[in-house]
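A.B. asks: The chain contents come next:
Number of protein chains: 2
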Amino acid sequence: MSDAPLALPMPLDIEELRLIDAWWRAANYLNIGQIYLSANPLVREPLLVEHIKPRLLGHWGTSPGLNLIYAHMNRLISKYDLDTIYMAGPGHGGPALIANVWLEGSYTDFYPEVTRDEAGMLRLFRQFSTPGGVPSHVSVPTPGSIHEGGELGYVLLHAFGAVMDNPDLLVTAVVGDGESETGPLAGSWKSIDFINPVRDGAVLPILHLNGYKISGPTVWARHTDADLTKFFEGQGYAVAFVEGDDPMTVHRQFALVLEAAVLRIREIQADARSNGLSERPAWPLIVLRTPKGWTGPKVVDGVKIEGTFRAHQVPVSEVRTNPEHLQILEEWLHSYRPEELFDADGRLQPEIAALAPAGKRRMGSNPQANGGLLTKPLTLPDHTAFQVRFEERARERMGSTAILGAYLRDIYRANPDNFRLFCPDETNSNRLGAVFDASDRCLVSAIEPGDDHVSHDGRVMEVLSEHCCHGWLEGYTLTGRHGLFATYEAFAMIVDSMAMQHAKWIEHARRVSWRADIPSLNYLLTSTCWRNDHNGFSHQGPGFIDTIIHRKPIVARVYLPPDANCLLSVADHCLRSRNYLNLIVIDKQPQLQWLTMGEAQVHCARGAGVWPMYSSQPERPDIVLACAGDVPTQETIAAAWLLRRLAPELKVRVVNVVDLMRLCPADRHPHGMSDAEFVEIFTASTPVVFAFHGYPGVIHDLLHGRSAHERFHVRGYMEEGTTTTPFDMVVLNEMSRLHLCLDVMRYVPHSLAANDELVAHCKRLLVEHEAYIREYFDDLPEIRDWAWSD
Amino acid sequence: MSDAPLALPMPLDIEELRLIDAWWRAANYLNIGQIYLSANPLVREPLLVEHIKPRLLGHWGTSPGLNLIYAHMNRLISKYDLDTIYMAGPGHGGPALIANVWLEGSYTDFYPEVTRDEAGMLRLFRQFSTPGGVPSHVSVPTPGSIHEGGELGYVLLHAFGAVMDNPDLLVTAVVGDGESETGPLAGSWKSIDFINPVRDGAVLPILHLNGYKISGPTVWARHTDADLTKFFEGQGYAVAFVEGDDPMTVHRQFALVLEAAVLRIREIQADARSNGLSERPAWPLIVLRTPKGWTGPKVVDGVKIEGTFRAHQVPVSEVRTNPEHLQILEEWLHSYRPEELFDADGRLQPEIAALAPAGKRRMGSNPQANGGLLTKPLTLPDHTAFQVRFEERARERMGSTAILGAYLRDIYRANPDNFRLFCPDETNSNRLGAVFDASDRCLVSAIEPGDDHVSHDGRVMEVLSEHCCHGWLEGYTLTGRHGLFATYEAFAMIVDSMAMQHAKWIEHARRVSWRADIPSLNYLLTSTCWRNDHNGFSHQGPGFIDTIIHRKPIVARVYLPPDANCLLSVADHCLRSRNYLNLIVIDKQPQLQWLTMGEAQVHCARGAGVWPMYSSQPERPDIVLACAGDVPTQETIAAAWLLRRLAPELKVRVVNVVDLMRLCPADRHPHGMSDAEFVEIFTASTPVVFAFHGYPGVIHDLLHGRSAHERFHVRGYMEEGTTTTPFDMVVLNEMSRLHLCLDVMRYVPHSLAANDELVAHCKRLLVEHEAYIREYFDDLPEIRDWAWSD
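Chains A and B supply the protein sequences, listed in that same order.
Just so we're aligned, residue 1 is where the first sequence starts under this note's numbering, counting upward by one.
Just so we're aligned, residue 1 is where the second sequence starts under this note's numbering, counting upward by one.
Mixed in with the good hints there might be a few duds.
Claimed, not checked - Within a straight-line C-alpha distance of at most 16 Å, the following computed EDC-like cross-link-like pairs (lysine to aspartate or glutamate) qualify:
| hint | chain 1 | residue 1 | chain 2 | residue 2 |
| --- | --- | --- | --- | --- |
| 1 | A | 304 | B | 448 |
| 2 | A | 304 | B | 451 |
| 3 | B | 304 | A | 417 |
| 4 | A | 552 | B | 734 |
| 5 | A | 376 | A | 417 |
| 6 | B | 552 | B | 451 |
| 7 | B | 360 | B | 83 |
| 8 | B | 298 | B | 246 |
| 9 | B | 763 | B | 734 |
| 10 | A | 552 | A | 667 |
| 11 | A | 304 | B | 452 |
| 12 | A | 79 | A | 16 |
| 13 | A | 360 | A | 109 |
| 14 | A | 298 | A | 331 |
| 15 | B | 304 | A | 452 |
| 16 | B | 79 | B | 15 |
| 17 | B | 360 | B | 81 |
| 18 | A | 360 | A | 15 |
| 19 | A | 552 | B | 720 |
| 20 | B | 360 | B | 734 |
| 21 | A | 298 | A | 246 |
| 22 | B | 552 | A | 734 |
| 23 | A | 79 | A | 13 |
| 24 | A | 763 | A | 720 |
| 25 | B | 304 | A | 448 |
| 26 | B | 376 | B | 417 |
| 27 | A | 304 | A | 382 |
| 28 | B | 552 | A | 720 |
| 29 | A | 376 | A | 517 |
| 30 | A | 79 | A | 15 |
The set of hints was computed from the structure by calculation and includes no laboratory data.
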């Protein structure tokens, strides 16, 4: 504990209370204006039908609570010079955040046409939920935001990711009670078990219980305060409650509780930074219970609105056709006394405006919410120093991800506070364990003697939750740092929707001029479908590739390095990049190594190309054997070898694709190769037998529009699998070297296909294989080697 | 409270203790045998290298705990005649469950070749984790299982879904401490807020803390009992702890705690069923803390194993090459005293075997875990009674999902305990609110006066968690009941991986002869990408179609009904079906109605066909306008109308596709149409302009292999969107009627394409549209109608 005297939260004096309430009323007023008004923004004239928008869109229910928190945080930011951003978890919080950032002036800084006067206010109102205008969720164009309020569940993950290695940052994270029902949110309270106040910033979670979702009650709202206290204390938080519907009472209580929380966080940090961290601190958390649609219409048409689900969206509708409703709206608008809040020009009164902090301390202008501004490039060691060297190609098996692990270890060392690996407890299993030479697993609770590389100071983020890993990494990169999410391939689909939403964010951000480029979100999928032979069917699924290829081309990249040197080259490229989702897929098991480092660099830079050293006749081939992915590459090269032996007259070209998007026509993806280059690699009309890591349809999807697309015959994963041998996996999915050879015989010109010996050989081996699998129980031979060598 | 005297848990007598421990030792022994032995199954001979499997696979760590629970549940099932199944949440629990169901005889009932003697035991050992053999996860072939242990996070969801409307069922659900870190698991504790003991069965969750995941400590294991108590009490549970590493002590404690929990559940149920339910009961929950790999080797090579992550998988390796390790294994096997447990023939001693309940009460034989046996068909009202009738086609707009809602309401009435709708708080928003005339929302906590159709007795399952909805419905259908999961289209991707895993389950189950057919899992995706104009970009994503089409064809079905009558016909078909994932996509907004009920039935039965009434010249067309999905159908028909007006010489055929899988070649999907039928509908060579609801690549993927595939020009969602008008959405994604007409001009034979008037008309309207959107802020005209009518 620090020896410094404890700072004590002080009650609001009457002037502070007046000003905070004024700010809050102004923000609430601006929310209503955004929903309803297309003219008469300050209701200086009697409200008429023609002042009302033709279509009423937007959500009132959550706004008063979001505004309350914003107003009070403003006071504390100024008082304590806090470095703070605001994340609004509740859906449809857009108008609230927009109102506040307009009041503080940030909005006008970013959008000068939305001036800080009556004309700007009207523009603010009219652009909201208008075609091509401003969405009802907090989103990319909202100043101060790095969290979209559309798909619920991730606000705490983004918040905690943002504060990792960001010691001065405090994120005020508002969790909606609807959102709190989602699995990802429920699983993210535990993030404090991974936050070390010595080096990380802090998150102040505020659970805002307003009782209802769209139409049903929320689970937590129907639990008692005693229940909630237990629930959060059990997870390590110190809980404080603020509850009520009288604004002045709530202001007073909330000011005390919020200030106490901020002071407690500063104490925790000061103590840890002076004395080190001995145990997980009890981080403050606030539960705020206020009515849904607070200060809105109490009753409309005899039905209760405020405090019920009916206040979720537009609390009083049909305002253009129902004069009584119009009157309710008018009274509601006047209830905030806009004439006290805004001057004759529609500017916020200076004394109220002074509540906001200045410059970059304003939550709408804090560069932490435009993390590209803060991005330091990674210091990358020379990846070629880790290269695999070999005397002879394709002889020795080496674990490619283990080699990457050594590279990542050195990245950790060179970037101690600018890089983290996120992984669901599989760093060792994925053979990346070399990183533990540079950093431990992070856990900020009791460490026990038997633990292996676990410490409070560790920066390898292992938690058995793909949601946590993805969400934390998003928050980390959105605030300008770098990282890698490594996971078992099949379980990447758990975060399909998170990948989609993050892709939308990045894509949208590229179109918002003031958003700076952020580090890419890098995925390493390993423990792949082809080599989960011992884990069985549930672990076999390459569907995350499908998820990435349908993202907007400008943000989506998919790499299938076939060996360690290619992996190093691809990883180096991805870690330098900005604004992408980079998907890298490669297995962790020892595998044959195909290219020297020099060859790999040339090959990866081009993304796809002919491999003459594995082709019997790369020029004017009778058949092209193409492949993408490590196991498909092995099967393809083995097939080429078999063909050379058994059908030496056949001219075979082997093509490997590392950068999957190069297959796309150039007008469909920035990496798409020109038709000329495509023909150079795949010829204009030669049949192609293509072995692919994922679902075959993906290749057809990408190739659409290429000349003579129908000559491509794709083998890939077709949802066949069980606990079996690696070779049986490729047989079950009909992608084995034998199947590829049979395909060659099927598709090459007829005169070349009459190789009965080859066909018989392949069929005999397949029959033998089946018998071998069938007999396995009884004779237990050694598992047959499936290497390229015969 | 019932007046019946309370039953009290009784301590184990010495004989019970001896037998339970014997069962437990036997199960543990069989676990080790599965990992290690290929001969000498009862270690009657000195253990030699040749008795050891060539490759050591399997997971020991979690097994002793799973076995302990199984043994103790056996006693209570017999004592109280419980109807109980066992769900093993921890990954790699396969060998434990297999050991127990073999001991109780269920395994041999299903697999007679695995006899209940030494030969059968050896077979059991040898088939485990062998190519083509038995996986290390609890999985489809495991008797007694409806929960796969591969992808972690869903055990409680499956358990709670299974007990809904299943009043006699008790599910013993073991939650691993690794699994407990996942988001979906963390979000599923709240399931008790939706369980009504009057009509539902019960779940007994047992959180098994053994401290470690693969290599790192678990979050919960490092929290205190006081923390855990608070965490669970805060959510409504009554928590009991059993902790220790001395088997006899743990047996005694666990027996008392488990019996108390079972009795408490029976009390809760008896009370609620006699006296009604007044408030959510405090359901029992057990936390079991025992060492990882308990009773395994304590130390190997000087390193601690038992109680650490090193016991996760194979605790002593290299047994074939390290004589010291071989000796450790031998001593370990002997430590269970197999000679006391099994007779000379390798049969379990009769007095131990008697611990198991008889017949269908055995957890491996309970029909609840083979739910197809219990499936009652739905009583389906005549769906044609809900049909839309119209005077004139395509004039009036009606909400198709609202019409489905009325049908679902009547299904609820006809099947009060055999059908449920699962929805993330969007039943009204998705326009299915008619169901509330038949049933309320379910919530088993405080109901407040302002609540709308919320009650303890409700069977409409609304929770803001797609994971809960999907997982509960899986459990519900796996035990033989029927349901529908309705959600916003974009957020279906949240459960991509759950859909994949359930598809794998169904597909695998079809290949396991004793598994009976179960009801399909039906999805209704509405609030689609094309009509989330006010919700914006985050709500626009049709990617769940991609997820379903890459499932094994035998289980995957995708339907895109274009109007209400087609939706009724498709829904009726899906609800009758078994063993599928049926995906239905249709928007909720009022939409034009195209087909009479009679036409819809014919059209849906065929799945795709020509619509002569919307074609200018269905025979020998110059161009085929194809469509799949409601908005694409509208744009296509509008394009056909425009073409008829402006290019009357052009022969246009309109084709609609309801059943997406019909596009596949017949050898790739059971619904794939023959080439002859394909040509009949799409012609052999006429250009096709195809408007599709989802990503265009999906169509190219499905069409691959069709003749002249390159003549198909697909428009669809291409990740363009924002808050805008419906018509702007189709413009942004270049799928509007105007874009389709321009495509027609691009692709029809040159002589027909010289219609300058049409091209100019379309281009002028597109320019006007853009200007209109741009100017919208300033002049606020009414949003332009985008109907078929001009």
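A.B. asks: Run the distance test for residue 304/A versus residue 451/B: straight-line Cα separation, threshold 16 Å.
C.D. replies: holds (11 Å)
A.B. asks: When you check the alpha-carbon spacing of residue 304/B and residue 452/A, does it fall within 16 Å?
C.D. replies: The hint holds at about 12 Å.
A.B. asks: Below or equal to 16 Å on CA atoms is what counts here, so check residue 763/B against residue 734/B.
C.D. replies: holds (12 Å)
A.B. asks: Would you mind confirming whether the straight-line C-alpha gap from residue 304/A to residue 452/B stays at or under 16 Å?
C.D. replies: holds (12 Å)
A.B. asks: Given the hint that residue 79/B pairs with residue 15/B, test it: the Cα-Cα distance must not exceed 16 Å.
C.D. replies: Status holds; Cα separation ~15 Å.
A.B. asks: With the threshold set at 16 Å, check whether the alpha-carbon distance from residue 298/A to residue 331/A stays at or below it.
C.D. replies: holds (12 Å)
A.B. asks: Take a quick look at whether residue 360/B and residue 734/B sit within 16 Å of each other, Cα to Cα.
C.D. replies: With a Cα-Cα distance of about 59 Å, the restraint between residue 360/B and residue 734/B is violated, given a limit of 16 Å.
A.B. asks: Given the proposed pairing of residue 79/A with residue 13/A, does the C-alpha separation stay at or below 16 Å?
C.D. replies: Status holds; Cα separation ~14 Å.
A.B. asks: Within 16 Å, alpha carbon to alpha carbon, are residue 763/A and residue 720/A?
C.D. replies: violated (20 Å)
A.B. asks: Is residue 304/A within 16 Å of residue 382/A, Cα to Cα?
C.D. replies: violated (67 Å)
A.B. asks: Would the pair residue 298/B and residue 246/B pass a check requiring their Cα atoms to be no farther apart than 16 Å?
C.D. replies: holds (14 Å)
A.B. asks: With the threshold set at 16 Å, check whether the alpha-carbon distance from residue 552/B to residue 451/B stays at or below it.
C.D. replies: violated (43 Å)
Figure legend: structure checked against the earlier numbered hints; hints not met, in rising order: 3, 6, 18, 20, 24, 27.
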